[in-house]
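Participant: Listed here are the chains, written in short residue letters.
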Amino acid sequence: MKTAELKNQTTGMPAPPKKTKQQFTVLLVLLLVLASGWQTGFSFEELMSGLPNMWDLIVQLIPPNWSYFSQITVPILETIRMAVVGTTIGGLLAAPLSMLAARNVIHTSWVTIPCRFILNLIRTLPELLLAAIFVAIFGIGPIPGIFALALFSLGIISKLFYESIESIDPGPMEAMTAVGANKIKWIVFGVLPQVTSSFVSFFLYAFEINVRAAAVLGLVGAGGIGLYYEQTLGFFEYDKTASLIVYTLAVVLIIDYVSTVAREKLT
Amino acid sequence: MKRDKSFLTIRRVLLVIAVLAVYTWAFSGLPILQFKETSMEVISSIFSGLLQPDWTYVYDPKGEDLLRGLLDTLAIALLGTFIAAFLCIPFSFMAARNIVKNKAVVGTNKFILSFIRVFPDIVLALLFIKAVGPGAFSGVLALGIGAVGMLGKLISEDIERIDFSAREALVATGANPVKTLMFAVIPQVMPNFFSFVLYRFEINVRAATILGIIGAGGIGTPLIFALSVRDWERVGIILLGIIVMVTVIDVISGKIRARLT
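Residue numbers (UniProt numbering), protein chains in the order written: chain A, 1 to 267; chain B, 1 to 261.
For reference, chain A alone in the conformation it holds in the complex (with noise of 0.2 Å):
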């Protein structure tokens, strides 16, 4: 298809109808976009004399605040504990449900189909409004940080998970279907070992998104590091802002880094 089209580029040959449709489409979407910034205020006029205070802003955050770092120690070592535990209890619930979800393990349409579709419900939302939710629950604290991220890790653990289980080798199960085992055991023996590498990959996937969601969920007052960023930005002292990107960045880079080490060693 790409070297028809090229010839027609090339070749200069009449347009063939789809062109209406190209031109159709182009000018839905401009109008979209017209209507979009209509609709949220755009302006030029705007973003031209607010070029400034970004700039102003840019350089009131050079250089960081060093000494602020000794203080941030603690809610960066929260936040990646938010992220450990809220994971954690993510891939435990997830590693049932995902067998439920999977239609080669459980054959029946009205158990996999209710699982996926509380799965989807769950990844439609955002871990911030999760934990806003959350905090409304329990107070403010690193508890509903832990069980939004818990639950926001959920949905996506599980949805990679039951892909995983579905594209397994059927051998070793209808061998073990063929001998008479029962389905704990055709699970623990047939589905598990085939799994466990690519759920271990998964889970750290998730551990690294849930390290950066964390890292902003304290905006909402769920624990962690967030909430310094809002009071930092607040009372103008945009140096301590600095200092808390950078070493939120230092944070993420190396468990990204680790993280992407261990699960090429799995693969």
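Simulated from the structure, these hints should not be mistaken for laboratory data. All C-beta atoms, glycine included, are put in the ideal place defined by N, C-alpha and C. Please note: incorrect hints may appear among the correct ones.
If you anchor each label on the Cβ, the simulated ranges turn out as follows [as the list claims (entries may be wrong)]:
| no. | chain 1 | residue 1 | chain 2 | residue 2 | range |
| --- | --- | --- | --- | --- | --- |
| 1 | A | T25 | B | L8 | 51 to 59 Å |
| 2 | A | L192 | B | S6 | 26 to 34 Å |
| 3 | A | G141 | B | F111 | 34 to 42 Å |
| 4 | A | L31 | B | M190 | 33 to 41 Å |
| 5 | B | I10 | A | G139 | 40 to 48 Å |
| 6 | B | Y23 | A | L32 | 26 to 34 Å |
Start from chain A and add chain B according to the hints.
Facilitator: Chain B only, in chain A's frame:
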């Protein structure tokens, strides 16, 4: 052979110890989970609120209703994605090793893209609120800049994978660099470019729903108000609205993406 095995077991033991250490550290530092007396009450009212959403909030001719909030959210996501798609083009070409031969330029651009990726959308939004004031406009800018990092990375990697035979053929016939780019590189990258942009649009719709929590427009603002006054029926209808909108967008965009590639 034997030594290898013992080496492996030592490594395994060390790994298990490391993992156990991380977990003891993580769990020992946690505050004890205590349910407040209100917790159970709140949970039950959330469920009853979710089951009996405040339907009158869906449309209110006087303003400030669910549909307007969702429209605002969609507009932020759409415009943000459009800006990002536009901005990422120069970055992704400059960060592609096979287009730009200068290693320093490629390295700098790759670094800029990863640097942008590290910032959560919500932190960018906080910075833009400081610059242009609260409202949907700062949300648009945050999503517009934030998405450049991911789009630029995906597209530059895609450019690095292209088949160069078409380009070589054009160069052989004496085409200038602009023409080779136009006819050999861009047609190969186009479908994936649109697919990545659509994928990012899906992510941006989700991100736009939470921008309002910090005051950057969209449906998040009424949600956080409803949460603070514990109007669970309204929280219910807003959550329902978000779930429906995100699901519909994902389905439509997924269908278009499947046809693109």
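Participant: Each hint needs a verdict: does it hold in this structure or not?
Facilitator: Hints, one by one, checked against the model:
no. : hint                        : in the structure
1   : A:T25 / B:L8: 51 to 59 Å    : holds, 57 Å
2   : A:L192 / B:S6: 26 to 34 Å   : holds, 27 Å
3   : A:G141 / B:F111: 34 to 42 Å : holds, 37 Å
4   : A:L31 / B:M190: 33 to 41 Å  : violated, 21 Å
5   : B:I10 / A:G139: 40 to 48 Å  : holds, 46 Å
6   : B:Y23 / A:L32: 26 to 34 Å   : violated, 48 Å
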